[in-house]
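Trainee: Let's have the full structure, built from the sequences with the hints guiding it.
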Amino acid sequence: ETGVTQTPRHLVMGMTNKKSLKCEQHLGHNAMYWYKQSAKKPLELMFVYNFKEQTENNSVPSRFSPECPNSSHLFLHLHTLQPEDSALYLCASSQEANEQFFGPGTRLTVL
Amino acid sequence: GEDVEQSLFLSVREGDSSVINCTYTDSSSTYLYWYKQEPGAGLQLLTYIFSNMDMKQDQRLTVLLNKKDKHLSLRIADTQTGDSAIYFCAESMGNTGFQKLVFGTGTRLLVSP
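These protein sequences, in sequence, are chains A and B. The first sequence lines up with residues 1 to 111 when you count with our numbering. The second sequence lines up with residues 112 to 224 when you count with our numbering.
Bear in mind the hints are in silico, worked out from the structure with no lab data behind them. Using N, Cα and C, we set each Cβ at its ideal position, and we do this for glycine too. Be careful, since some hints might not be right.
[Stated by the list, open to error] A few chain A positions that, by computed beta-carbon distances, are all more than 12 Å from chain B:
(1) G14
(2) N17
(3) S20
(4) P66
(5) F75
(6) P83
(7) D85
(8) V110
(9) L111
[Claimed, not checked] With a straight-line Cα cutoff of 30 Å, these simulated DSS-like cross-link-like pairs (lysine-lysine) come out:
(10) B:K211 - A:K52
(11) A:K52 - A:K19
(12) B:K211 - B:K167
(13) A:K52 - A:K41
(14) B:K178 - A:K41
(15) B:K178 - A:K36
(16) B:K211 - B:K179
(17) A:K40 - B:K178
(18) B:K167 - A:K41
(19) B:K147 - A:K36
(20) A:K22 - A:K52
(21) A:K40 - B:K179
(22) A:K40 - A:K18
(23) B:K211 - A:K22
(24) A:K22 - A:K40
(25) B:K179 - A:K41
(26) A:K19 - A:K40
(27) A:K40 - B:K211
(28) B:K147 - B:K167
(29) A:K36 - A:K52
(30) A:K19 - B:K211
(31) A:K41 - A:K18
(32) A:K52 - A:K18
(33) B:K181 - B:K167
(34) B:K178 - B:K167
(35) A:K41 - B:K147
(36) A:K52 - B:K147
(37) B:K147 - A:K22
[As the list claims (entries may be wrong)] Among chain B residues calculated to face chain A with C-beta under 10 Å, some are:
(38) V115
(39) T141
(40) Y144
Mentor: Below you can see the structure in the form of structure tokens.
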């Protein structure tokens, strides 16, 4: 499989649940990114990892917890989310500061 | 601060040209990008332009950059119904080891037969 994959594609969770989003890239890139896409708002960069080290955290609430065990995998652990966290969560990867390649996203609904 | 603006909606007829506009604020941007997002999908890179260029053509796509006015446009020639999607412009802030992009809100292009 090539490119950037994300699982699950859709997720519905209650505010007290704990769930995780997974991203995997098969491109040999060093950098991986999490974005949040809400309706009528620009994509918001949440986290950046470079060679497994977190380099950006854009004031994201602690109920979102990223994990990057290696350069190919990125997780976003979710707990006690709010309904306003419902959005499309996109993962991307890049080689250095070159173009980013995006996954298809996980559509998250928080009830 | 960093801000990228786009009009929200554009409607054209099949066969016409489409022009999607974008303004950005950071004059130090190194690259400017156009991404396409189809329903239920992630973002697909369409094209990009280096900040020292003023035009780039790639088949049906033409990118124009006016650095003085911080204005970027994407022209799609002979627009097809398959071009219906949301188009995002983004400026690259540049970093060592990774890329920081600032995206616009996206322009929804609707192409009618």
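Trainee: Just to be careful, I want the Cα atoms of B:K147 and B:K167 compared with a cutoff of 30 Å; is the pair within it?
Mentor: holds (17 Å)
Trainee: Is A:P83 truly not at the interface, in the sense that its beta carbon sits beyond 12 Å from all beta carbons of chain B?
Mentor: holds (22 Å)
Trainee: Taking only the CA atoms, is the gap from B:K147 to A:K36 under or equal to 30 Å?
Mentor: holds (16 Å)
Trainee: Taking 12 Å as the cut and beta carbons as the points, is A:G14 off the interface with chain B?
Mentor: holds (24 Å)
Trainee: Does A:K40 lie within 30 Å of A:K22 when you go C-alpha to C-alpha?
Mentor: Answer holds: A:K22 to A:K40 is near 25 Å, not above 30 Å.
Trainee: For the pair supplied as a hint, B:K211 and A:K22, confirm whether the alpha-carbon distance does not exceed 30 Å.
Mentor: Within the cut-off at roughly 21 Å; holds.
Trainee: Do the alpha carbons of A:K52 and A:K18 lie within 30 Å of each other, as the hint requires?
Mentor: holds (23 Å)
Trainee: Taking the minimum C-beta separation from A:F75 to chain B, is that value above 12 Å?
Mentor: holds (17 Å)
Trainee: Decide if the proposed pair is consistent with the structure: B:K179 and A:K41, CA atoms, cutoff 30 Å inclusive.
Mentor: Given that 30 Å is the threshold and the Cα spacing comes to 26 Å, the pair holds.
Trainee: Is the Cβ of A:L111 more than 12 Å away from each Cβ in chain B?
Mentor: holds (21 Å)
Trainee: Holds or violated: A:K52 with B:K147, Cα cutoff 30 Å?
Mentor: holds (28 Å)
Trainee: Checking one constraint from the list: CA of B:K211 to CA of A:K52, max 30 Å. Satisfied?
Mentor: Holds - the C-alpha atoms of A:K52 and B:K211 are around 17 Å apart, at most 30 Å.
The structure fails none of the hints (numbered hints given earlier).
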